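Protein chains: 2
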Amino acid sequence: MPTYRAPVEDTLFLLFDVLGYERHANLPGFADAGRETVEAILAEAARLCERTLLPTNQAGDLAGCALGPDGSVKTPEGFRDAYRAFAEGGWIGLSAAPEHGGQGLPHLLTSVVNEYASSANMAFAMYPGLTQGAIAALTLHGSEEQKRTYLPRMVSGEWTGTMNLTEPHCGTDLGLIRTRATPAGDGSYRITGSKIFISSGEHDLTENIVHLVLARVDGAPAGTKGISLFVAPKRLVNPDGSLGARNGISCGSIERKMGIHGNATCVMNYDGAAAWLVGEENRGLAAMFTMMNEARLGVGVQGLSQSEVAYQNAAAYAKERLQGRALTGAKEPSRPADPIIVHPDVRRTLLSIKAFNEAARALILWTALKGDVARVSEDEREKREGDDHMSLMTPVIKGVITDVGFDNAVMAQQMFGGHGYIAEWGMEQFVRDARIAMIYEGANGVQAMDLVGRKLPRDGGRAVMAFFKEVDGFLADNAEDGALKPFTGPLRRAREDLQKATMWFMANAMGKPDNAGAGATDYMHLFGLVGLGYMWGRIAKAAVAKRAEGNGVAERMDAKLVAGRFFMERTLPETATRLARIAAGADTVMALPADAF
Amino acid sequence: MPTYRAPVEDTLFLLFDVLGYERHANLPGFADAGRETVEAILAEAARLCERTLLPTNQAGDLAGCALGPDGSVKTPEGFRDAYRAFAEGGWIGLSAAPEHGGQGLPHLLTSVVNEYASSANMAFAMYPGLTQGAIAALTLHGSEEQKRTYLPRMVSGEWTGTMNLTEPHCGTDLGLIRTRATPAGDGSYRITGSKIFISSGEHDLTENIVHLVLARVDGAPAGTKGISLFVAPKRLVNPDGSLGARNGISCGSIERKMGIHGNATCVMNYDGAAAWLVGEENRGLAAMFTMMNEARLGVGVQGLSQSEVAYQNAAAYAKERLQGRALTGAKEPSRPADPIIVHPDVRRTLLSIKAFNEAARALILWTALKGDVARVSEDEREKREGDDHMSLMTPVIKGVITDVGFDNAVMAQQMFGGHGYIAEWGMEQFVRDARIAMIYEGANGVQAMDLVGRKLPRDGGRAVMAFFKEVDGFLADNAEDGALKPFTGPLRRAREDLQKATMWFMANAMGKPDNAGAGATDYMHLFGLVGLGYMWGRIAKAAVAKRAEGNGVAERMDAKLVAGRFFMERTLPETATRLARIAAGADTVMALPADAF
Numbered sequence: 001m002p003t004y005r006a007p008v009e010d011t012l013f014l015l016f017d018v019l020g021y022e023r024h025a026n027l028p029g030f031a032d033a034g035r036e037t038v039e040a041i042l043a044e045a046a047r048l049c050e051r052t053l054l055p056t057n058q059a060g061d062l063a064g065c066a067l068g069p070d071g072s073v074k075t076p077e078g079f080r081d082a083y084r085a086f087a088e089g090g091w092i093g094l095s096a097a098p099e100h101g102g103q104g105l106p107h108l109l110t111s112v113v114n115e116y117a118s119s120a121n122m123a124f125a126m127y128p129g130l131t132q133g134a135i136a137a138l139t140l141h142g143s144e145e146q147k148r149t150y151l152p153r154m155v156s157g158e159w160t161g162t163m164n165l166t167e168p169h170c171g172t173d174l175g176l177i178r179t180r181a182t183p184a185g186d187g188s189y190r191i192t193g194s195k196i197f198i199s200s201g202e203h204d205l206t207e208n209i210v211h212l213v214l215a216r217v218d219g220a221p222a223g224t225k226g227i228s229l230f231v232a233p234k235r236l237v238n239p240d241g242s243l244g245a246r247n248g249i250s251c252g253s254i255e256r257k258m259g260i261h262g263n264a265t266c267v268m269n270y271d272g273a274a275a276w277l278v279g280e281e282n283r284g285l286a287a288m289f290t291m292m293n294e295a296r297l298g299v300g301v302q303g304l305s306q307s308e309v310a311y312q313n314a315a316a317y318a319k320e321r322l323q324g325r326a327l328t329g330a331k332e333p334s335r336p337a338d339p340i341i342v343h344p345d346v347r348r349t350l351l352s353i354k355a356f357n358e359a360a361r362a363l364i365l366w367t368a369l370k371g372d373v374a375r376v377s378e379d380e381r382e383k384r385e386g387d388d389h390m391s392l393m394t395p396v397i398k399g400v401i402t403d404v405g406f407d408n409a410v411m412a413q414q415m416f417g418g419h420g421y422i423a424e425w426g427m428e429q430f431v432r433d434a435r436i437a438m439i440y441e442g443a444n445g446v447q448a449m450d451l452v453g454r455k456l457p458r459d460g461g462r463a464v465m466a467f468f469k470e471v472d473g474f475l476a477d478n479a480e481d482g483a484l485k486p487f488t489g490p491l492r493r494a495r496e497d498l499q500k501a502t503m504w505f506m507a508n509a510m511g512k513p514d515n516a517g518a519g520a521t522d523y524m525h526l527f528g529l530v531g532l533g534y535m536w537g538r539i540a541k542a543a544v545a546k547r548a549e550g551n552g553v554a555e556r557m558d559a560k561l562v563a564g565r566f567f568m569e570r571t572l573p574e575t576a577t578r579l580a581r582i583a584a585g586a587d588t589v590m591a592l593p594a595d596a597f
Numbered sequence: 001m002p003t004y005r006a007p008v009e010d011t012l013f014l015l016f017d018v019l020g021y022e023r024h025a026n027l028p029g030f031a032d033a034g035r036e037t038v039e040a041i042l043a044e045a046a047r048l049c050e051r052t053l054l055p056t057n058q059a060g061d062l063a064g065c066a067l068g069p070d071g072s073v074k075t076p077e078g079f080r081d082a083y084r085a086f087a088e089g090g091w092i093g094l095s096a097a098p099e100h101g102g103q104g105l106p107h108l109l110t111s112v113v114n115e116y117a118s119s120a121n122m123a124f125a126m127y128p129g130l131t132q133g134a135i136a137a138l139t140l141h142g143s144e145e146q147k148r149t150y151l152p153r154m155v156s157g158e159w160t161g162t163m164n165l166t167e168p169h170c171g172t173d174l175g176l177i178r179t180r181a182t183p184a185g186d187g188s189y190r191i192t193g194s195k196i197f198i199s200s201g202e203h204d205l206t207e208n209i210v211h212l213v214l215a216r217v218d219g220a221p222a223g224t225k226g227i228s229l230f231v232a233p234k235r236l237v238n239p240d241g242s243l244g245a246r247n248g249i250s251c252g253s254i255e256r257k258m259g260i261h262g263n264a265t266c267v268m269n270y271d272g273a274a275a276w277l278v279g280e281e282n283r284g285l286a287a288m289f290t291m292m293n294e295a296r297l298g299v300g301v302q303g304l305s306q307s308e309v310a311y312q313n314a315a316a317y318a319k320e321r322l323q324g325r326a327l328t329g330a331k332e333p334s335r336p337a338d339p340i341i342v343h344p345d346v347r348r349t350l351l352s353i354k355a356f357n358e359a360a361r362a363l364i365l366w367t368a369l370k371g372d373v374a375r376v377s378e379d380e381r382e383k384r385e386g387d388d389h390m391s392l393m394t395p396v397i398k399g400v401i402t403d404v405g406f407d408n409a410v411m412a413q414q415m416f417g418g419h420g421y422i423a424e425w426g427m428e429q430f431v432r433d434a435r436i437a438m439i440y441e442g443a444n445g446v447q448a449m450d451l452v453g454r455k456l457p458r459d460g461g462r463a464v465m466a467f468f469k470e471v472d473g474f475l476a477d478n479a480e481d482g483a484l485k486p487f488t489g490p491l492r493r494a495r496e497d498l499q500k501a502t503m504w505f506m507a508n509a510m511g512k513p514d515n516a517g518a519g520a521t522d523y524m525h526l527f528g529l530v531g532l533g534y535m536w537g538r539i540a541k542a543a544v545a546k547r548a549e550g551n552g553v554a555e556r557m558d559a560k561l562v563a564g565r566f567f568m569e570r571t572l573p574e575t576a577t578r579l580a581r582i583a584a585g586a587d588t589v590m591a592l593p594a595d596a597f
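Just so you know, the sequences run in chain order U and B.
Using my numbering, read the first sequence as starting at 1 and increasing by one per residue.
Using my numbering, read the second sequence as starting at 1 and increasing by one per residue.
No lab work stands behind these hints, which were simulated from the structure alone.
Treat the numbers as computed from the prediction; the structure is a model and nothing was measured.
One or more hints might be untrue.
Any copy, or any two copies together, can satisfy a pair, since identical chains are not distinguished.
[To be verified] Result set (BS3-like, lysine-lysine): computed pairs, CA atoms no more than 25 Å apart in a straight line:
1) Lys319 <-> Lys469
2) Lys512 <-> Lys319
3) Lys541 <-> Lys485
4) Lys74 <-> Lys500
5) Lys225 <-> Lys331
6) Lys331 <-> Lys512
7) Lys546 <-> Lys319
8) Lys500 <-> Lys469
9) Lys469 <-> Lys485
10) Lys485 <-> Lys383
11) Lys512 <-> Lys500
12) Lys500 <-> Lys147
13) Lys469 <-> Lys147
14) Lys541 <-> Lys147
Using the sequences and the hints given, assemble the complete structure.
See the structure below:
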């Protein structure tokens, strides 16, 4: 059975040594969570994930969810107990507002906990994870009554939440939504229609489920401008807060799918279900979009989570599995063979994953920190910069970390040879689970178009220019630092490739948008490489400084510097290929008639 | 349910217009299979695969194989009928020797049929596929009596065959094999031990199964020099050819695994099983190696097969699925949305797969053709060149085409959005099935080491020099051809990268083998890119010539030229990154102590 140890030490190093968490102590939330508190929280989260969630992962994959004849869904054995522990530990509302029962701590810390929880059991972590998304939506857009009715019981974990967007004929293109909402005359609506791919849509973890639903009010304009957001509970809530009758909402079927078997993916049928408008009529998409950055960041975290747990197991296996001899002569001649970690190709594989994971974690935490600043700072400029950063980096994190996280899970599986293909060893589950993160919350091709078509040009390119400025500042500040040369040199070259690609779009894509579309995915990955390379620059700087402190951290810091050099030498040069593809433009891509495919 | 249409037209174009199949008409086998015969054979194979095998694929994945309490294995419903049709059509023995009931046709054609069969149902195609491997081993190394006893009934499909190599503690490193063979005094042996990961090890398709088993004769030298090859039938064969008692061979369990559910992956227990030595004692590994090139080529074919069937379904879906509008304005304004094939990122994805598949098929057929020449030519030089080519290209084809074939299946799945993750649509099965090809018959890291450590330096680099010479000849011959400039220019640059990488190994890896190990996987992929780029050069030349013929082939040839340009513009530039990684050497890769992973 796979093992997992939450990377608490690495998280703390990133927060306190690399990202300057403590500089934000003036902000609400941060003030209540100094270093000691953060350490205690992460240690507790680690314990819960390692001891309570992890043991349910493989069994949950094997058992899956079961739909009863009455439309009820049974989650895998052990999920109910694990959910109770997770909810009672206060983890769902860690960053929710205190007035709704939350702890009001930085969202950054929820990101960390969600990484650990997803590594331990991704399918399970989706139940509280979707609830957190629904909490965010209601907090931002719900009426006071809606907040009072739903939020305390979602924050406590007594009820869970879902998002109902997709329909059979519309995924990315939500303008095609057909689900109807008819005013009931009493301020409520009756919703009718069918939604698909609803994660956590039905289950036996809680008595009630709070569905957020996109639907079209009778007579609304066509397309995306006629979509409204509703809240529709599985069981109606009486004025005194007790549970009333079942609403007209039922789970029609659950999907048989590649992975995340422990999470029920439901077809949800709305049959005149009572629902209440969240925010303004016909402004439902805008309401969804305000929480989309956070949701997409959360999916990026899932990509990292599978890459991390797959790495840990592959590294352990490589140190145990005896097979063949080192190219330079037997390393353990008294044993029948050397452990496979002596082989350069095995180390190359492991370092490739390790070097990605550490920088990806940094990029996520950096961005989550900016998100918190944007949310709670009272300094308008800092707030705007945080928001710019969050908007720009969200599609990069979602697209790149889930793409590469999946590739990494595949590489980690490969370390096991034939055993990696066998369910018992658990590695193939990581691959299957990681795969969904590339698809949901906007398929990665959509992320790439969001980056190139919306985030880059927004506000005259303000966000991307700020990013370049920050990287350039780092390069200038450290130009003379010999210890950082292996980092600043490659970062400078990669940054130049990114600038060339950006200029190429400015020159060629304005008048011919297909040039943007044809280069979007490569641009997203190029951007991700530079972002990760910049993170390695900052990690390396912090590691060099910390190494000088002594305190027995030298070995750990040396390992970081080696992983960082590996990234600079082996991963970052990919920017050149990405740039070449972008500059190839759209002509060949668009040349064929559809029939020729 | 997924569809599949065997790419017969493309195969014929490659064989007759690109690879000069007809120039080999003087060779045995080829003489009996001129163009008309080949066309008829491929059309018949296509029909069988599309109509009989394809319908069993998804159902077989869902049902899987079942182990009975008596150790019997039930294959999925429909497999028995499909197997009967496949055997009765003579497909197993298409290239087997006529004296054993085979048709004696070029192995090249078996490669083609296996591509089609694997696209239609990979798990199924492994039953006859492994039989073909066992036939090849017995043909090369079996005694006359063994050939008489087993071959006719394997060629006819009455019995199937298996390969028993792996044990729990030994996969790549066969020197660790523990299974024992004790002489019985009558010329036979008694085998005791346990083998794992035995594909097709037990099933209900035939009455008998012929196991080829690696074991160590009592008192044999340790390591790889003490391993012998045996034949051990599931049911003993009486002198008159009738079936006798059950042998001491049983299936202990079958694996629950990521994919190829329709093929039983068995733990095979040998409990004093009667077995007969194949070839010489202690020469078992050498005997296995002589057939390994062919087996590995076959796995490369599987990689292509999943890439092809996944592509076909993704292309069809992209033409049907309505979602969003073209960046340049609605293409089908009368419909609620445009088909997603209008989007450049969708076309980029599809072209990336298409451009790979067509060149990969060419590389496989070219190599299979060389393999036939090596096998049957009486011209010593031609024979040697064929063998050189086959040896050099086998690890490249196995490693690169299965790696990229898997990536392509993932990309094709991505085209379906959420539907790609749902079993019903069939795309996720292609991904799961394709995954095994990167692992078995030597994990791809082992292929890379085989290429760099053995195939490159062999005979003073004769094979790789011949490859460079051929590519250079093509470049020189076509230097002035304007229509081929988009192909020759990029191919020349990629070839230079390959040469630099080869020189780097010569300069840096002889004295420090870790430099070879650390660069091996990137070198394998770099080699593959140049091989595929060269194939595109030859395909383009043939397409330009054929285009001039008219005959209504212009559109098809134009599509090839576009796909080829895409490969040159977007895929081939990856050689630069591969070279940079190789030249980074082993220092960073080997710097960390094992505990730091």
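Hints and how they fare:
no., hint, verdict
1, Lys319 <-> Lys469, "neither (43 Å within a copy, 43 Å between copies)"
2, Lys512 <-> Lys319, "between (53 Å within a copy, 23 Å between copies)"
3, Lys541 <-> Lys485, "within (11 Å within a copy, 47 Å between copies)"
4, Lys74 <-> Lys500, "neither (53 Å within a copy, 59 Å between copies)"
5, Lys225 <-> Lys331, "between (67 Å within a copy, 21 Å between copies)"
6, Lys331 <-> Lys512, "between (59 Å within a copy, 16 Å between copies)"
7, Lys546 <-> Lys319, "neither (28 Å within a copy, 56 Å between copies)"
8, Lys500 <-> Lys469, "within (15 Å within a copy, 36 Å between copies)"
9, Lys469 <-> Lys485, "within (19 Å within a copy, 41 Å between copies)"
10, Lys485 <-> Lys383, "neither (33 Å within a copy, 53 Å between copies)"
11, Lys512 <-> Lys500, "within (18 Å within a copy, 38 Å between copies)"
12, Lys500 <-> Lys147, "neither (48 Å within a copy, 65 Å between copies)"
13, Lys469 <-> Lys147, "neither (41 Å within a copy, 74 Å between copies)"
14, Lys541 <-> Lys147, "neither (45 Å within a copy, 69 Å between copies)"
When each numbered hint is compared with the structure, violations occur for hints 1, 4, 7, 10, 12, 13 and 14.
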